[in-house]
Amino acid sequence: MKNRSLSFWLFLTPTLVALALVVFIPVLEGLFYSFTNWDGLTFTKMVGFQNYITLFQDKAFLNAFWFTVGFVIVTVIMLNVIGLGLALLVTQKFKGNNFLRTIFFMPNMIGGLILGFIWQFIFTQGFQALGNALHMDWLQNWLTNETTGFWGLVIVTVWQMSGYIMIIYIAYLQNIPNEIIEAAKIDGASAWQRFTKITFPMIAPAFTVCMFLTLSNGFKIYDQNLSLTNGGPYNSTQMLAMDIVNTAYNSGNFALSEAKAIVFFVIVAAISLIQVAYNRKREEDL
Amino acid sequence: MGKKGRTTLGIVGILLGILWLFPFYLILTNSFKTPKGIFASVLSFPHPSTGDNYVNSFKALNFIGSLTNSLIITVCAVLLIILASSMAAYALQRNHSKLSGGLLMLFISAMLIPFQSVMIPLTANFGAVHFLNMWGLVIMYVGFDCSLSVFLYQGTLSSIPIAMDESAEIEGASRWQIFTKVIFPMLSPITVTVAILNIIAIWNDYLLPSLVLPQAQYTIPLQMFNFFGEYTKQWHLALAGITLSIIPVILFYLFAQKWIIKGVTDGAVK
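From first to last, the protein sequence lines are chains A and B. Just so you know, the first sequence maps onto residues 1 to 286 in this note's numbering. Just so you know, the second sequence maps onto residues 1 to 270 in this note's numbering.
Keep in mind the hints are simulated off the structure, nothing from the lab. A hint or two may mislead.
[Claimed, not checked] Distance condition first, Cα-Cα at most 30 Å in a straight line; then the derived DSBU-like pairs of lysine-lysine: (1) B:Lys262 with A:Lys93; (2) B:Lys270 with A:Lys197; (3) B:Lys270 with A:Lys93; (4) A:Lys220 with B:Lys262; (5) A:Lys93 with B:Lys4.
Since we're looking at a predicted model, the values are computed, not measured.
Chain A with its partners taken away, still in its complex shape (with noise of 0.2 Å):
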């Protein structure tokens, strides 16, 4: 199809005025909105920079800023560890390994929302009760302040992640030839060396893909955040999506809630590209 052509125009209508109209001209009027005073209505007056000053001097955008990076560092490393263990278990051949996929996976089904809802009830009441039984005080009080909250955070995410992170690795590990593997095994490699020389670098690329995958959507996580702990007690558990949101909605500072949404993806999208600049420099290397 030749460029002048008008069934080339055609063709690509209907998805370039869908992304116009949602996402580009409406990330333009937002770019716009943040240095002014805008109310969601109207504005009177161009204010420069004032919104992004008051961003950086913001407590409750730091403290999610903040909050936001431990948990990304901690899911991160924990659904990559946890999503390639399971991929190991559950590619090895014993009765019942599909079964187990099945169930891994299925928590990734449901919404963030109604997992958060489900979450509340066990590390309220099913936490609760199971500290009773087992006289174990650290398992009482969840939710109820900024650590059990983070944690709390944290098990969602694992809880309904891993099983996706899982099905990814299970990809690379099927590509990687047998006949390698039974080839170090009579040179005699033990079953570690047979891990780290030849699975791990052969499934180099997984590592891209997962990493970019946990971390945007951890930083981007709203949903969990609002069913379980809605940021309480007293914000400390609020993240950057949702403080943008209630910057917005909430407290009616909708130019604030722009500038910090422009972070945001200042944020998001650096850390995206750097990662995946770097991880494919790293699999050339290899």
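Add chain B to chain A, keeping to what the hints say.
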């Protein structure tokens, strides 16, 4: 691996499986208890058990209504995404110019923009033309989700030889006929993937519909959020509601598991 090793793995697997299923066990058993029963023991089997929680939460959730809304929105959005993105990918893939490369980059860059960066102007614009309803929502999903879908279609299209198009063209088929009669049917494996990924995302979405839909058009997650707010601390009702709302998803998963796993893998790996 020896027999002993396999047994050990089997045991580890069973234990992990139980750990993974434990939340479902707690939700299900407690949803059949009375408030007193939950208070007395969270971990035990329901005794005496009651189905009243389900009758009450079924009504309070307006379950049939919200299920219908979820179905209409998901089906319409997914069909439109499939149509729009396969057409766009076809145009881009069969055009080897700088322009199509640039457009593809534009689509990919749209995937990097987080929802919060567009949320307020988007809802303001749609509100201004009175489109804050399920049809506006369907259009929004096409905008948000077609980038990834175009990308997926594009990859598969490159493996379909252009000779297919050319021979159809010689027989006098128009561009649209070539696409609908020859090319689109060959894309069905990736169409399944696109459908699965979008069904899961749209069915479970909360934030966007909560900003767009009027109460009469609430989907299951929205209804669930309201319901939960009303019945806080009434866990017997809340748990029955949770169970009801995840039944359609679990059924879909068990029925279409093979395609779901393939779809999710394709979506992440490609």
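Going through the hints against the structure:
With a CA separation close to 21 Å, the supplied pair Lys262 (chain B) and Lys93 (chain A) stays within the 30 Å bound. Restraint check for Lys270 (chain B) and Lys197 (chain A): the C-alpha separation of about 26 Å stays at or below 30 Å, so the hint holds. For the hint pairing Lys270 (chain B) with Lys93 (chain A), the CA-to-CA distance comes to about 27 Å; that is within 30 Å, so the pair holds. In summary, the hint linking Lys220 (chain A) to Lys262 (chain B) is supported, as the alpha carbons are separated by about 25 Å, within the 30 Å threshold.
Between Lys93 (chain A) and Lys4 (chain B), the direct Cα distance comes to roughly 12 Å. Compliance with the 30 Å bound is thereby established for this hinted pair.
Of the hints listed earlier, there is not a single one the structure fails to meet.
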